[in-house]
Amino acid sequence: MRRKLKSLPEDTVEDLAREAMVTLYRLSRRETLVNPDALATTLVDRVCVDHVRRRRGPSARLDARPEKDARLELPAESPGIEADVDMLELFRFVVLEHFHQHDAPCHELATEFFTELSWSALARRRQLRHSTVIKRWSACMEQIRELAYAQRGPVWEWARQARIV
Amino acid sequence: MSTGSASAHDWALRQLLAYSAGLLAEEELLRLEEHLHGCPECRSRLAPLKPASGTSAEHLPASLIATWSRSSALLEGLERELVESHLEDCADCRAELSFAGHEAVIADEPPPRPGSRSARPSGGAWLHSLWFWVIGLLGAAAGVAAWLFAAHPAWLGGTGRSMSALRGSGHAVPVAFEFALDSLSTGAVRLPEPGFRARAAKPIEVGAVTNVSGMVFVLPPALQPPSPEAGERRMVITLLQQGRELASHTGPFYALGDAIRLRPEGRLEAGDYDLRFALDPAVDGEPPLVWFYRLRVR
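Line by line, the protein sequences give chains P and S. Heads up: the first sequence begins at 1194 in our numbering, then just goes up one per residue. Heads up: the second sequence begins at 8 in our numbering, then just goes up one per residue.
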């Protein structure tokens, strides 16, 4: 971790290491891990890349995927406590949980999209027109936009900022 | 790459995060997917935003679990409720919290973080000042409560009015909530049936709002209790501006009556506001029913 991200404070290193270990534990409960050492290295790389993205905030351009052993540059500004959590993941979780409780068809769409990140692929698999799937999703997102506008808290604040680009 | 396609590419790079969160509007989605179809670079930048293989966005993020005691304390309102209800049902997430050394309980307030700007004074001094703060706060609350009961005896009853401070940009403007008004009151605006869809794009025009008329809303049937039992449930009405709570009232559902009025002490600043109604669920453990109306004040 220190090789990838220089001058990282000790407590942040601890947090990121714990995050990678939680994911490793999560995976180990779902399937037998074939090569845990290699997987742990991959997860640490991923956590470092994600950490840089979080620090850049929701309205920054996405970076190109770094080379495997490349050093990552952190932005100069000191992070807020919100940088501890991946707000993109937390936002997706909140959206899924909201739909899980209130709207099953939207929940299905959201689950598939957040896994695949392509409406075209999703439309092909469901044998629907691309524009039809997107219209359905837009109707689902009306609920979320209203919540994002009216609710308090870091998730909704992040969502508002992510749209101001 | 031509200038036009370069600017389209730059636009696309700035939309990818919102796209991956599902936040783009319909036209933007169509435009971005068309770009993604022909742009391997954008597709490769998007790829790391997919959940790690074998994991799902349906569980608490590993970053939240890893920093639970600090981060969970920051959750508010609906996001907090959703995390709480998920935790009740999800043995996997509870096990992961336990693995990370945390109890599966959302923290009440941010604990100190060594070296961070938000760290509190340490040990006994902090506890000591906290006690003074709590005792002071309780004293102030008792004073305010005594004043409210003396000045507004009907507050806790079904009919009447309550005051709440508008905590807007800088200056505080008290807002009175009045209930059980005549639905034929002058200037009353009839609220449509609540529903999640097809309202956000069309704010309700309420004109200028002053302390003389306030805003009077005739409530639709969905905002009237269907039975005496339902009437006893708690209703929280909140006025928000740009997502910030400005004023709020909590009382029994039956107290709303046919129409309500929000009356600011001065003139309400022009702009869009949200009026939120949150009704406690009929069954414990279920989420509250929440409705929003977007209001446009001139």
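None of these hints come from the bench; they were simulated from the model. Since this is a predicted model, take the numbers as computed values, not measurements. All residues carry an ideal CB built from backbone N, CA and C; glycine is no exception. Any given hint might turn out to be false.
Unchecked claim - If you want the footprint, here are the derived chain S segments under chain P, 3+ residues with CB under 8 Å:
1) 220-233
2) 263-274
Unchecked claim - Only some residues are given here: those of chain S computed to face chain P with a beta carbon under 7 Å:
3) 36
4) 40
5) 112
6) 113
7) 295
8) 296
9) 298
Interface hint status, residue 295 of chain S versus chain P (Cβ within 7 Å): violated (11 Å)
Satisfaction of the residue 112 of chain S interface hint, Cβ to chain P closer than 7 Å: violated (17 Å)
Interface hint for residue 296 of chain S, Cβ within 7 Å of any Cβ on chain P: violated (10 Å)
Per-residue hint verdict: residue 298 of chain S, partner chain P, C-beta under 7 Å: With a closest approach of 10 Å, the residue 298 of chain S hint is violated.
Given coverage of the stretch 263-274 of chain S by chain P, checked by CB-CB distance under 8 Å (3 or more): violated (count 0)
Interface hint for residue 113 of chain S, Cβ within 7 Å of any Cβ on chain P: violated (12 Å)
Interface hint compliance - residue 40 of chain S to chain P, C-beta minimum distance less than 7 Å: Because about 6 Å separates residue 40 of chain S from the closest Cβ in chain P, which is inside the 7 Å limit, the hint holds.
8 Å C-beta test of the stretch 220-233 of chain S against chain P, three or more residues: This one is violated; 0 residues, fewer than the three required, reach chain P with a Cβ under 8 Å.
Chain P contact restraint for residue 36 of chain S - C-beta distance below 7 Å: OK, holds: residue 36 of chain S within 7 Å of chain P, min 5 Å.
Hint compliance for this structure: hints 1, 2, 5, 6, 7, 8 and 9 are not met, and every other hint is.
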